[in-house]
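Colleague: Given next are the chains, with one letter for each unit.
There are 2 protein chains.
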Amino acid sequence: MATLSDIGVSALINILSAFAFLLAFALLRIQPVNDRVYFPKWYINGERASPRRGGNFVAKFVNLDFKTYLTFLNWMPQALKMSETQLINHAGLDSAVFLRIYTLGLKIFVPIAVVALLILIPVNVSSGTLFFLRKELVVSDIDKLSISNVPPKSIRFFVHIGLEYLFTIWICYMLYKEYDNVATMRLHFLASQRRRAEQFTVAVRNVPQIPGHSIADSLDHFFKTNHPDTYLCHQAVYNANKFASLVRKRDRLQNWLDYNQLKFERNPEKRPTKKIGFLGLWGERVDSIDFYKQQIKEFDKRMELERQKVLKDSKSILPVAFVSFKSRWGAAVCAQTQQSKNPTLWLTDWAPEPRDVYWRNLAIPFVSLTIRKLIISLSVFALVFFYMIPIAFVQSLANLEGLERVAPFLRPVIELKFIKSFLQGFLPGLALKIFLYVLPTILMIMSKIEGHIAVSTLERRASAKYYYFMLVNVFLGSIVTGTAFQQLHSFLHQPPTQIPRTIGVSIPMKATFFITYIMVDGWAGIAGEILRLKPLVIFHLKNMFLVKTERDREMAMDPGSVDYPETLPSLQLYFLLGIVYAVVTPILLPFILVFFAFAYLVYRHQIINVYNPQYESGAAFWPHVHSRIIASLLISQLLLMGLLSTKEAANSTPLLVILPILTLSFHKYCKSRFEPAFRKHPLEEAMAKDLLGRTTEPDINLKAFLADAYLHPIFRSFKEEELVEIRVDKVRVDRHQSYADNAQSRDDISSPSPPHHAYHPTSPPHHSYHQPTTSPPQDIYHHGIPPQYDYNHYGYHYEAESWTSRD
Amino acid sequence: MATLSDIGVSALINILSAFAFLLAFALLRIQPVNDRVYFPKWYINGERASPRRGGNFVAKFVNLDFKTYLTFLNWMPQALKMSETQLINHAGLDSAVFLRIYTLGLKIFVPIAVVALLILIPVNVSSGTLFFLRKELVVSDIDKLSISNVPPKSIRFFVHIGLEYLFTIWICYMLYKEYDNVATMRLHFLASQRRRAEQFTVAVRNVPQIPGHSIADSLDHFFKTNHPDTYLCHQAVYNANKFASLVRKRDRLQNWLDYNQLKFERNPEKRPTKKIGFLGLWGERVDSIDFYKQQIKEFDKRMELERQKVLKDSKSILPVAFVSFKSRWGAAVCAQTQQSKNPTLWLTDWAPEPRDVYWRNLAIPFVSLTIRKLIISLSVFALVFFYMIPIAFVQSLANLEGLERVAPFLRPVIELKFIKSFLQGFLPGLALKIFLYVLPTILMIMSKIEGHIAVSTLERRASAKYYYFMLVNVFLGSIVTGTAFQQLHSFLHQPPTQIPRTIGVSIPMKATFFITYIMVDGWAGIAGEILRLKPLVIFHLKNMFLVKTERDREMAMDPGSVDYPETLPSLQLYFLLGIVYAVVTPILLPFILVFFAFAYLVYRHQIINVYNPQYESGAAFWPHVHSRIIASLLISQLLLMGLLSTKEAANSTPLLVILPILTLSFHKYCKSRFEPAFRKHPLEEAMAKDLLGRTTEPDINLKAFLADAYLHPIFRSFKEEELVEIRVDKVRVDRHQSYADNAQSRDDISSPSPPHHAYHPTSPPHHSYHQPTTSPPQDIYHHGIPPQYDYNHYGYHYEAESWTSRD
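Going down the list, the protein sequences come from chains A and B.
Numbering follows UniProt numbering, in which position 482 of the first sequence is assigned residue number 482; successive positions increment by one, without gaps.
Numbering follows UniProt numbering, in which position 481 of the second sequence is assigned residue number 481; successive positions increment by one, without gaps.
Please note that the accuracy of each hint is not assured.
Cβ pair distances, simulated, as ranges [said to hold, decoys possible]:
id: 1; chain 1: A; residue 1: L634; chain 2: B; residue 2: S627; range: 21 to 29 Å
id: 2; chain 1: A; residue 1: S83; chain 2: B; residue 2: A191; range: 50 to 58 Å
id: 3; chain 1: A; residue 1: I658; chain 2: B; residue 2: V472; range: 16 to 24 Å
id: 4; chain 1: A; residue 1: Y176; chain 2: B; residue 2: K242; range: 34 to 42 Å
id: 5; chain 1: A; residue 1: R248; chain 2: B; residue 2: T695; range: 25 to 33 Å
id: 6; chain 1: B; residue 1: I210; chain 2: A; residue 2: L692; range: 18 to 26 Å
id: 7; chain 1: B; residue 1: V125; chain 2: A; residue 2: L662; range: 52 to 60 Å
Calculated from the structure, these hints are not laboratory results.
Glycine residues also receive a C-beta, built at the ideal position from the N, C-alpha and C atoms.
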């Protein structure tokens, strides 16, 4: 076990590496050539068209203004400048509320840390069992400050129990305030949104197929009958998954063509060639440019066929539709009520934002959803508890003998003693590292299989799965020795009352491990986040090989968004650690505080300058955050009970029994008080907005407004005549008008906020970032739709420009 | 352990006592004097006004037609005559579906019994471990037929596992068919109902109190804003609990007055007197008739004051209302949507039937509901697991020494050896017996404290609590020795995998106990049910002491209704026993079959001739029945796994693991497929009925129709002028007209059914029971409302006539 000085060394190393990252970031971000990596959000918002410094050729790539190097930490105060309202306007409510989780962590843990350190450390130290036992036991310095130092049956445990009560009450109070706050923010945000397609639209699944009637007819008939006063129109959903996959493949070919053309331009003597066999390793050698052009032509033909099929074949119309209503009230009513006698038909739910729709899952037949959910929950269980089994199997294969057999030519190298020992230490861990790296992807695929139709829901589900994995394998797995599978086995064969004792008793001993974990994963990891090494490299690679026009460069920058499926669970893990160790080893708390403060700064900077949210769910993740902090409270209470029962504190432990019951009731109360704000849509609100809308825009053509809001994004590439067929209004509307409308409404996530002061990280402060700049950014997107709005529907990013602009 | 012959003796005793009950029933029911006890339903339906036989004076009381004595079992075929459609018209859907539980039991267990007996008994008997061990072990004959007889590690366990699969699939198939059936019946029933107040009405709780505005104003404003097209009116709810309790007390006084007046009439020489002290044991002796008249006068004054208070004091208007809509669609929309931004305000839910409303709970403030639920769930837990503690305490007090101290004059009697030993055997059990007798009442009170506003919900909740109690204390308590508390203790200190083993291994040994239980509780108990001993005695007592007029006699008959809180849990226990023992000791199944068949006959007879349902919930209890049978399946699978694991059947037991998962998925599927039919209200349905209504009754005055449907029933005693104030339409409508309307719509639970053949247990078959007889029964109720409709709102029955007819 580590002593205080060991921890000091570890802290030093981690602080140094964090500083190294920060320094690298500070240097890289002020280079004009990296501007699109570190400030993409401003390009997307349309406030920057090119790196800010003009001047000579070199200055276009390297920052020659040496003064700026001196103030390399100035991003921190800048990140704090923007007010929360501005932040919501700038990056959406999701991002603003995401940052509130960090401030909530600070608000919860700063007072707890002060109280715990001031009260518990003296109580624990002065008890001093461990001081006397020192010679017999290997005891770390950290343990002297923890509850382990209190002798069994001591009356001092009342202090710990009292503080557990105090902390629980404090955390519940803060949680209540925060839930209230977030719910109000959400309602205010939704209320202040201007007219948006999803306010009028309901997603209807499982439309019954009546022989002799088209889906469109039965939809029209059903809603005209049952919502006669409010039904407006519907948008059929076409199964364009195959077409979309063709588009994706064609894009990849187009990238290769671009790459080869650029290569040829730079080196006009030699036309690039390639082998047409597997992976370009063998086969006939052909001219690359001709080859790809030929391939693309073939793809265009296949796509044309597929397009005709989608448009003409009635089977490509899915039994799913987006049904729009004349008023928000009508949509709210339809979304919340049961439509049909048969509860598995005509399932209505609020439609996700158009850009939040995960189109591919709309094609999943509803009947298979139950089975999918069952299979996925079994798989998650297996993944959480048995993931070590396949990895151990792979590890047993991926040893040196295996490597030598596969690649005999490496034998002389491997046989070198130095390299051999290195590989022996490295290879077995490799499988595990690869697994942990791809784990979020696996979990996301699992969530996709479950069949949710919104990207936001997918991310929340993936995040839940990741949390279970972390809870079992990082938290419990570090405390109790053995793999999760062994733990599961031993837990099944232990009495239930024994489990908290087993875990509780080892908690104080693992404090040093978790302190190190916080420093590595929390401190250095977050510093790595701000550096954006991967996007930096990819951007420059693309810039070198693919970028021809300004638009290509626009496409090459990958702002990304907050990676909720990974960050939310790890945040929740930090809450768990803080809450569990608050009364056990309070010395851990300052490390968590540093993490929360630092991560807050980093993410605030990233949200302002980098991330470009793919969707806006209106903080729909908050109920999960809330309930997982409550779960952490319950875990901490159970474990403290187990710990104290091993300390034979029989007279004080029963006092704790009532705490979980109270916590649970608090949770139930919060759930009934606030959760409906995140799940349901009050009619009062909808009616108020309808009335407002009727007075401010009395003669709006809603049908035109909704014309292709919920059109599969792939159809935007279709010819105008074809589109008329599949659009809700079925008549030709002025296309650019409707896009402009759309773009405007999208722009108005923010709308009726007071005229706010301008904010820009470097530009003069009176330059408002909200108005489009003089050169409208729409020009660089095809059809005036920003690319992230257009293509992210598929759940994957288009790495280069889309083919559509090329017909 | 009992041998087969022991069971034979027990069966004989129980069959004999069941026959004794049936014989007594057969003799008593054909006496004209008991006609109102055994055929009250026909009096309430208005098809009988007096016992059917005229003739001389004696024949009015005693049946002199000796031929009828010979056919004393003829009620059985009679009970089967009525078709299910007729039954629904006659007694409502609840009763008809309740009977279907018994037929479901038969449908499930007849094939299972045949298969299990044919396959398992040979398999078990021919194994014969126990035959060889006979000398060492005390083994019953029953065990020879059970799974205990199979030697450990036998390959024969595959037969048991195969049958468990087969039975599970069969039960799931039957459950699915039955759920489908019941859901269709419910939807058909609801669809075929004529216009009823609850179709248009929504119960709104937690109406916010806005200072300066009356509740009525804010209600009107809110619903006019948010449901402008459909809102019609609302009925405020007055807190008349105090007034109702005064009415109740006055009724009791009135009963005493009646009793004394009757006594005086029969014996005019002596005016009855009473002592005015505690319980009439001491104090001044006064004239009873004068005393009660005086008391009633005082009560009338207090009631007048209270009535004024209710009408005038704005505080007596509760923040609860019944809001009515112009269309069923409007009500369906309002009931299913969230109204307000604050999800704890304006809570809407479908209104229960007027006679199903439990008025007293409407006064409970909503905020306390969470706390109430928490407290009650803790209490139920405590009651289930620790109920033995207070009883043991009382038992320790209620011994002979205690009795001698309280009543020293009894000492000479108690000291007699024979009586002493009898009392010593009797007294300790007394506390337990009293507890078990009052348990359903306690559970009902608990459910009432939980704050549900419909009597049907209260009964369902009480039934759930009783089920938990039976499951733990009857089922598990009989299998594992020790009190529930000791079991809980040992289960908490056992590994979870050990629990099914502990229970599983003792299951076969308890088969004889449960066979006896089925015979005592099931066979003889059901036979006792048909005899109706308590209502018989009470009816004759009332007839002797209170009845003066024909109307009094009408009041004195207490038809009761199916006692769901007690019968549903015990039914579910029989399902549990059947399912658990099907593969373990199949010889138990025939006993359960006899129970189901016999209970079906008895309850069918009672439902046709006796019970008068207090409310109609449209089989809302079915999802509970379904899910508890599924729970029984899961329990049986777990216990079989435990049992097999003690038999070291390691190669076959793992095969069972997948079964609970499949069962659970089946349950989830059923839940999503059918449960919404019981909880939600499809708009399609509402719209269809609206359209139908608009064409058939285009000019109905809905406001007048709804005028006082949801008026607290106590207000029906108010003067007409006062009523105008509190009724929804606030204008004078023709009162009798509206009642007639009501009565008609109530009558039409049945409506559009084909003209059916007449049915009457004894009258000639062409006498239709559906048309009112020439002497309308309304005459004998005050205001034309049948008494069960008028007074059962309180959740208690008025034993004698109400005071209202006396002002």
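Colleague: Quick one: are I658/A and V472/B within 16 to 24 Å, going by C-beta?
Modeller: holds (23 Å)
Colleague: Holds or violated: 18 to 26 Å for the Cβ distance of I210/B and L692/A?
Modeller: holds (22 Å)
Colleague: Just tell me: holds or violated, for the beta carbon distance of Y176/A and K242/B against 34 to 42 Å?
Modeller: holds (36 Å)
Colleague: Cβ-Cβ distance between R248/A and T695/B: within 25 to 33 Å?
Modeller: This hint is violated: roughly 55 Å between Cβ atoms.
Colleague: Using the C-beta atoms of L634/A and S627/B, is the stated range 21 to 29 Å upheld?
Modeller: holds (27 Å)
Colleague: Using the beta carbons of S83/A and A191/B, state whether their distance is inside 50 to 58 Å or not.
Modeller: Between S83/A and A191/B, where Cβ atoms are some 57 Å apart, the hint holds.
Colleague: Given a hint of 52 to 60 Å, does the C-beta separation of V125/B and L662/A actually sit inside it?
Modeller: holds (57 Å)
Against the hints set out earlier in the document, a violation occurs for number 5 only.
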